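Novice: Starting from the structure of chain Y, add chain R where the hints point.
Spelled out from the first residue to the last, the chains are:
There are 2 protein chains.
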Amino acid sequence: MELLKSHRTIRKYKADDIAENILQDILECGIRASNTGNMQLYSIIVTRNTDKKAELAPFHFNQPMVKEAPLLLTICCDFNRFKLWCSANNANVDFSGLLWLFNGTIDSSILAQNICVAAESYGLGICYLGTTLYNAPEISKVLHLPVGVIPITTLTIGYPEIITELTDRLPLDSTVHFEEYQNYSSDRIKEMYSFKENLDSSKKFIEENGKENLAQVYTDVRYKSTDSQFFSRKLMKMFVDQGFVFE
Amino acid sequence: MELLKSHRTIRKYKADDIAENILQDILECGIRASNTGNMQLYSIIVTRNTDKKAELAPFHFNQPMVKEAPLLLTICCDFNRFKLWCSANNANVDFSGLLWLFNGTIDSSILAQNICVAAESYGLGICYLGTTLYNAPEISKVLHLPVGVIPITTLTIGYPEIITELTDRLPLDSTVHFEEYQNYSSDRIKEMYSFKENLDSSKKFIEENGKENLAQVYTDVRYKSTDSQFFSRKLMKMFVDQGFVFE
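Same order as they appear, the protein sequences are chains Y and R. First residue of the first sequence? That's 12 in my numbering, and the numbers climb one at a time after it. First residue of the second sequence? That's 12 in my numbering, and the numbers climb one at a time after it.
Please note: incorrect hints may appear among the correct ones.
It does not matter which identical chain is used: a pair holds within one copy or between any two.
To be verified - Each computed DSS-like pair below joins lysine-lysine, with the alpha-carbon atoms no more than 30 Å apart: (1) K63 / K245; (2) K201 / K152; (3) K207 / K23; (4) K64 / K235; (5) K235 / K248; (6) K152 / K64; (7) K23 / K78; (8) K23 / K152; (9) K222 / K235; (10) K63 / K152; (11) K25 / K78; (12) K78 / K215; (13) K235 / K201; (14) K25 / K64.
The hints are simulated quantities; they were obtained by calculation from the structure and are not laboratory data. Quick caveat, the model's predicted, so the values are computed rather than measured.
Chain Y on its own, in the form it takes in the complex (with noise of 0.2 Å):
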């Protein structure tokens, strides 16, 4: 409990190496998470190496963290595993369509979870790079992906070098309904965000960023429309050209 609530993004990481026996403990502890149908729809492709680090970090806009930390893990969808053995079997498995995208990304991501939890455990830290679907094509060629293993997310592990503070949340009872969504009223949406609102750091991103208010930070320089439609775009040309998207 401790841990879950104690959890901080880690960028910074000592150079130090993950032992051999840790890894394959916190990748252990990833694959006993539940999963659809116990087909497990997933694959960790572990980077290490530094020249591959150099390869994927343009995809993850440079983040410096994907080049200093010892261990990347690409987390993927794969359909293709069960597939091969489907096809061995005489059995015609059929993964198209939005729902199994779903499914896998769920497994994934609850996979992923797991072994954050195990590797915090162990004293390390992690972050999870978004980037991994904003370039999720690229990425698989540089990792090698067949047609139905799809990249969805990327974990930066190692030792910590600067441990962070506790970031802000809202309210527990902000993000909890009783039996029926209780939908917000503009006094309850005001009241919910002002603590985030005047934390010295919003505060610093407003100025910075020549900005009214935070949620125009938000909107206007961090998630911005074009960036979105443009990588929702990309996402779906490889989900349709890799036959998950069909009208």
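Specialist: For chain R alone, kept in the frame of chain Y given last:
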């Protein structure tokens, strides 16, 4: 570590309620998980009411644990709350596009898994209901979810009545690749799946369903192409209706 490695899905629960402080604590562990840009694009719907459980049950194919478990948590992507905050701040957020659906699904799944680990550390047992995505539109109605809130997965939670055996997994090295994906030869596939194929439970499934082998139980009985296509189209329609998919 031992907790993660000893995870098993629990489908039979004692009638005992879960104390309020334990519920709050496991939910708090959920929202401490990593999430995209700390936007907390999720909501958790708590179901404890008997009538609500009965309303939800058919959309989870009447699996008995839906009515029997003292607690159901439906974990949703929630773009509605953040959008309301942006609108109140003269900020124009654009979560349309597939990228956000996947980001939200990953964040919701990571949160769900933290809840599971926390629940298990309290001696509770959990089961993920994959049926949530099958019937997302119907479940949304029961839970009064507004546009922009998509149910991703459901957890049934309670004190275990029957603790099942640990389920099998492929050998760890079947799912892990070093530096690059190594595609599988047919001999390797045969070797990897032989343990699973030879389990007594597998042999029973094959016999009960009159199939030649285990793979055919998966493809012809459990995960049929017609179902997969039907539920994928339903999901796609929901996404199109809510503006997440565009061409």
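Novice: Now tell me, hint by hint, if it's right for this structure.
Specialist: Evaluated hints:
{"no.": "1", "hint": "K63 / K245", "result": "within (23 Å within a copy, 40 Å between copies)"}
{"no.": "2", "hint": "K201 / K152", "result": "between (45 Å within a copy, 27 Å between copies)"}
{"no.": "3", "hint": "K207 / K23", "result": "within (24 Å within a copy, 41 Å between copies)"}
{"no.": "4", "hint": "K64 / K235", "result": "within (27 Å within a copy, 40 Å between copies)"}
{"no.": "5", "hint": "K235 / K248", "result": "both (20 Å within a copy, 26 Å between copies)"}
{"no.": "6", "hint": "K152 / K64", "result": "within (13 Å within a copy, 46 Å between copies)"}
{"no.": "7", "hint": "K23 / K78", "result": "within (11 Å within a copy, 47 Å between copies)"}
{"no.": "8", "hint": "K23 / K152", "result": "within (27 Å within a copy, 45 Å between copies)"}
{"no.": "9", "hint": "K222 / K235", "result": "within (14 Å within a copy, 52 Å between copies)"}
{"no.": "10", "hint": "K63 / K152", "result": "within (12 Å within a copy, 47 Å between copies)"}
{"no.": "11", "hint": "K25 / K78", "result": "within (12 Å within a copy, 49 Å between copies)"}
{"no.": "12", "hint": "K78 / K215", "result": "within (28 Å within a copy, 49 Å between copies)"}
{"no.": "13", "hint": "K235 / K201", "result": "within (23 Å within a copy, 48 Å between copies)"}
{"no.": "14", "hint": "K25 / K64", "result": "within (16 Å within a copy, 49 Å between copies)"}
No hint from the list above goes unmet by this structure.
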